[in-house]
Structure formats: structure tokens, C-alpha cells
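> Given these sequences and hints, build the entire structure.
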Amino acid sequence: MIAQATGVFGTDIPTLAAGLALLFGVLLLLVRAIAGPTIWDRILALNAIGTKATLLVALIGFITRRPEFLDIALLYAILNFVGTIAILKYARHRRLG
Amino acid sequence: MNYMMLIDVVLLALVIIAGIAAIEARNLFAAIGLASAYSLLLACFWTTMDAVDVAYTEAAVGAGISTIMLIGAIVLTGEREIVRRAVHWPALLACAGVAVLLVYGTLDMPRFGDPDAPAHTHPIYAGFTQQDVMKDPSGKSFELAQEYAAAHPDHSGDYFHGHVPNQVTSVIVSYRAFDTLFEVAVIFTAAMALVVLLRGRRGNPLKGGLL
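First to last, the sequence lines map onto chains X and W.
Read in order, the letters of the first sequence correspond to residues 1 to 97 in this note's numbering.
Read in order, the letters of the second sequence correspond to residues 1001 to 1211 in this note's numbering.
Be aware that one or more of the hints could be misleading.
[As the list claims (entries may be wrong)] For lysine to aspartate or glutamate, the following DMTMM-like pairs were computed, each having C-alpha atoms within a straight-line distance of at most 25 Å: (1) K89(X) - D41(X); (2) K89(X) - E1079(W); (3) K89(X) - D1008(W).
If you are wondering where the hints come from, they were derived from the structure by calculation, not from laboratory data.
Since this is a predicted model, take the numbers as computed values, not measurements.
Quick look at the structure:
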């Protein structure tokens, strides 16, 4: 169930690849969030960065053999949802509530 | 270089990119989004540092409520920043000086996770709670406390209920009231600052309101 801690990196190669792939995804999304050009590009990039952060925390939980981190990942997912709703409300109505 | 180190380095590089981009962004909406991304990535980094409670707080405050409050702020102020490129040299020098001092301060700190760090080798003296433990022979910590008291007859370095040898942990977990007291002080200060800032002028209150 949990990745074996072996090899020079202290874990197996697929887990390493997954972690680096997630971080590379975050880099690409940051470029999109910085460059824009429209508000929708930025909203999409931010929402996807939140998803990557959620996955990253879950992955860290499996690397360090602490599956309780899944709870934190769920919290991030909820926060990401609330933040995106607030941003979308602003984008649509130019005010909150 | 071990694996978590590799993840940490890449993660911190991304945090720095997001932070600089948030400062440099002229579109305030983009700046808020980048600040939110910065907080989420930093929360991931706290998780890798085993500071899960800090990560929770960072995610809830930095990425959650701050984003919504800042959006409430740009509802009132508008989306474009007025560009002023002048560099305030005394402020820059003061910031650089403080940064150098902070880095200098970290040079003497023990290595991350060092078992010989002072926080582990100098447990908090707690003679009064020790006596409470001694009165309750049914408690699990009774034997531990008794053992410890026998080994240290002068009460030098006995610790809370005999089971929290780390100073920081014993303040956060066993002496919860101290932790909460200073948190309340911080939040009270922040609330006072907000009241002063958001009070508005007499007869000219903020129009519309935030929410």
C-alpha cells in the first residue's frame, strides 16, 4: 500500500517521479497565473494549483508513511473550493455576496 | 541528497517565484491570486517540515480567509495598481539589515531534528505538577514521575507529568493556557489595529461595505 523506502532517494522512483511531475505542473500553472492574459486564465491556474497542492500533501503523506495527511489534503480541497467560489463571484458580479 | 530534500528545494523555489510575482504584479487581482498560491505552496512546505498545525493555519488563514478579504478590498479600491517605481533607499537598507541579522541569528541554531538541541536537553521544571502526579497513584505517569524523582532528588530538570521532555511541545500541549494566552494577545492586537484602520472618517463611512 505504501511506497517502500529504498534507493538513493530514500523512496522508489515512481513516487519521486510523481512528486517532481506535480511540482513541474505547479511551475507551468504559475507561469499561466503570472502571464494571464484574461481573468479566466488566472482563475483556472489558481484552482489547478490548489488541486496540485492537495495532491502534493497526499503524496507527502504516503512518502513519510503518515496516511493521516489525507485529512489535511481534504481541508485544502475544501479551502480551494471556497476561495474559487469567492473569486468567481467577484469576477461575475464585481462584488462579494 | 535525499528525496524529501529534493522536493523541499523545488517547493521553496516555487514559493519564491510566487512571492516575487505577487509583489511585482500590477494587476491586483493577479496579485491576490498569486499570494493565495504562495500560501498554499508554503503550507505544503510546512507539511514536509512536520509542522502540520502551522500548515493548517497557513492554509486556512493565508489561502482561505485572506484571499476572500483581499477580494473584498479590491471591490472597494479597483483592480489596477498606480505604478510608482521610486525606490525608498532607507527602507531598502533597513530591510536588508534586518535580513542579515536574521540569517546571522540562524547560524547558531541547532540542525533540524537534532536530538541534542537545547529544546530537548533542557526540559521545563515543573515541581508543582510533579507533586500533583505523586498524589494520584492510579495515573500512568505516576511510576514515571516517581522514577524520575528518584533519579533527580533535587528536582533538577524534572518535566511535566514525566512524559514531555521537549520544551516546545510541553508549552504547546501541556501548558496549553500559556500558548492560548499569547495567541489571544496577538489576535487582540490585530483586532485593535483593524479597528483603527477601518474606522473611517466621521460622517464619511466606507460606502457599500465589504460583504
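> If a hint holds in the structure, say so; if it doesn't, say that too.
A quick look at each hint next to the structure:
1. Distance restraint check for K89(X) and D41(X): the Cα-Cα separation of roughly 16 Å lies within the 25 Å cut-off, and the hinted pair is therefore satisfied.
2. Distance check on the hinted pair: K89(X) and E1079(W) sit about 15 Å apart at the alpha-carbon level, within 25 Å; holds.
3. The hinted pair formed by K89(X) and D1008(W) fails the criterion: a straight-line CA distance of about 34 Å is larger than 25 Å.
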